[in-house]
Amino acid sequence: MQIARAWRQQASNLRLIGSECRGCGQLMFPERVRCPKCRSVELASHPYVGRGEVCAVTTVYEAPHGFGDQVPYLAALVRLEEGPVVAAMLTDVDPADATVGMRVTMVTRRIIADGSDGPIVYGYKFAPEGEGGQP
Amino acid sequence: MKPDRAVGIVGYGGYVPRFRLDAADIDRVWKGTERSRGRSCKAVPGPDEDTTTIAIQAARNALAMAAIDPGLLRAVWFGTESKPYAVKPTSTIVADAIGALPRANAADWEFACKPGTEAMQAAAAMVGSGMAPYVMCGGADTAQARPGDILEYNTGAGGAAFVLGPGAESIAVLEASTSYVTNTPDFFRREGQPYPSHGQRFTGQPAYFRHIRESVTTLFDELGLGPEDFAFAVFHQPNFQFPLRIATRLGFERKRVEPYVLTNLVGNTYSGAALLGFARALDDAQSGDRVLLASYGSGAGSDAFSFVVTDEIAETRERGVPVRFYVERSTPVDYAVYARYRGKLRLS
Amino acid sequence: MALAEIVGVGRTRTGEQWDLGLLDLAAEAGGAALDEARSIAPSGLVVGNALHGALGDQRNPATYLASRLGLGPVEAISVADDEASGGTALRSALALLAFGGHEAVLVVGVEKTCDSPPDELEAARASGLDVVREGGFGFGPAIAAGLGMGQYVARFGVDRDLFYHLPATAHHHAARNPLAFFAWTLTFEQYKRSGMVAEPLTVCDQAPMCDGAAAVLLRKAGSSRSGSHVKVLGSSSVSVTTGIDRPVLDLALPASTMSVAKALSQSKVALDEISCFEVHDANSFIAALAIESIGLADAGQALLSAELGEFRVGGTYPMWTFGGNKARGHAPGASGVYQVAESVLQLRGDAGENQVQDARLALVQSLGSFGATAVTHVLGQ
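Protein chains in written order, with this note's numbering: chain A, 2 to 136; chain B, 7 to 354; chain C, 114 to 494.
Isolated chain A, as found in the complex (with noise of 0.2 angstroms):
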């Protein structure tokens, strides 16, 4: 991927930045330049604590290219607490283990790396709660 492209996603990836609206309070995840709702832009950015979820999960044992070192894996749509719906991969926890309304947290984690020479992505999935994610 672009190196700008892959530095441009970095707030968002590293630390869950999101947008908050100060005209109609929407949240939304990622940053945006403007209300999906009300296309103020007066957005303020906002940190996403991290914790949320686990809404809808599957096991992926047939990759796009690219995610295929990490199969099997679980992708999952997580509610995060504060609303905003994520689609992420879980980590740390075995397929089996991953069920529906479990609670996890973000973690930090390879997320692809563009071959050998270009740059590697890192960004969130999310882990167990109380298993050592964020407390």
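There's no promise every hint is true.
Have a look at the derived ranges for each label pair, beta carbon to beta carbon [stated by the list, open to error]:
no. : chain 1 : residue 1 : chain 2 : residue 2 : range
1   : B       : Ser42     : C       : Val244    : 45 to 51 angstroms
2   : A       : Gln11     : C       : Ser378    : 46 to 52 angstroms
3   : B       : Ile156    : A       : Ala45     : 54 to 60 angstroms
These aren't lab readings, by the way, just hints derived from the structure by calculation.
Just so it is clear, CB atoms sit at the ideal spot from N, CA and C, and this is done for glycine as well.
Since chain A is already given, all that's left is putting chains B and C on it; use the hints.
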């Protein structure tokens, strides 16, 4: 060496991946025997982990315990010999992940297994001189050894991080630190080589034992202390025997050293090893305990520290994540899965 | 008042077409449609192609196809709308007829997928989702469907194996379509043995990616010539808030529901007057949701309706009468036009063994970006 102002550890954290390879599986593949099954294992990083992700988690845990605004960190310094980027500091990624940028210095340190303790000395100096209110230092590695080599039995993965700050806020105050460094080629890796080379038995007496003996006895002399003054001693732990042997030679009772030799549980975590053992000791330490930390890095050198635990420890420790959680967890993998996770299978 | 007449259709075989490239396929189908109405020279060409260069193939295929077909100076528009490209190409052609100053427009949907390894193809398809937050984090349409299927099973308390009846319906019809990729009956044993893609979605729950092209030649409605051609009576496209989480968690496709309502309203046709349906069956999950969102089954009931044979020729809502994406084969940008071409054959009475009795009206819907976009057309005699 002592700082002008009181400096100590205001928070610590560790991280070890959950996967474990029984050393006997290496025997099974390379020697056709399994006699030693169950005696020792080492930590294996998962396919989405590397030194940077390990350091980030250790750093987050340390920061949580310290409960300070990350913007007050004036430096984030990690040491490692398994950098995901040969050029681009892992410390910049860690510093970004914990919210310490842009006003913190961030740089990677290298000295085989001891760069984390060098960073700790420098961090103590930064804080002790008044240049910084807080500095984070640590060490992490996902060590690689040539398949079938004796080193493969122990090359583990893990790391630890420490926030240094004012003595008054610390759970353990630094009394002094010494270093002993020589130009000794006991273990090294040439540019571009995937696996290190080592001097076999040369890595013993002229390397590990000599440098730790010198740094620690110098520390004893400077402080007017002896082994009897320490509740626990943590040494660099490339295997289970070396730290116990140096402990005996220095006059320490085995029981004050053995609990914090983690090699049989997680392997040698290289830049994380002595620090992780030290962090594990802090999990158990009580107010008034004096703790010795002595690292060793091939090349070669040893840094020794004496810390005294304060009244703050019991309550402050609750804010973090006990290192024992990571050390004791275990998801077994076999040699094949380990080889896959460690990138030892040629995919192209 | 009809929006257009369909005076010619063309289809290539769907499958692995190793000898033919993207423009070759498009030219074959486009040429066949033109051959059905040799006296009509289109002044407009719209080509629908989903991948649109994502795997290194020709971008702007319309411009290049115009030259290949010797159309002379024409208006050539290339449409990329993920898997709705075919439907959107048709809708674009209707707009050209309405105000573009054209009397006849050729629409071609075309896709080449088989030249690429499956994992690269899936990554390219994933760029039709949120490329940063979904594609970039290991998600693709198959994985999203796996997530959805798990939710569907849990929410409605159905046996996951009941999904079998959706691909089984498609295969039942494809067995009698000589141009179909998978022209064979799907047994339950085959379905059960199928490999896992993203639990619980298996290979047999996914429409096979393939190469193919389909074309329809449109003419302005109400021309002086005979009025026996199939007509486009309604057309609607709706895009709603994106994100795979929406279909997965809500188990509904609002874009599909809204688009159907508008197309039916425009056509002044009611849903139960429709003789045959083409529903976007890129995978079993989205097919079930589409069936329910269109209104052909209540929420959670699509599988039971399929089991009862309601979607087979002879049933209440015949669909996928040439095999659907699942068994005819899924050439993503082309599928939306295959759906239309196959519906025209039904309405002409040329569907052979899969002919729906007295077929008069057809409803055709293709979806893009995992249901965020729905394009619906109503065709009729």
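Hints, one by one, checked against the model:
For B/Ser42 and C/Val244, the Cβ-Cβ distance of about 50 angstroms falls inside the hinted range of 45 to 51 angstroms, so the restraint holds. At about 48 angstroms, the beta-carbon gap between A/Gln11 and C/Ser378 stays in the expected band of 46 to 52 angstroms. Taking the beta carbon of each, B/Ile156 and A/Ala45 are about 56 angstroms apart, inside 54 to 60 angstroms as hinted.
When the structure is compared with the earlier hints, no violation turns up for any of them.
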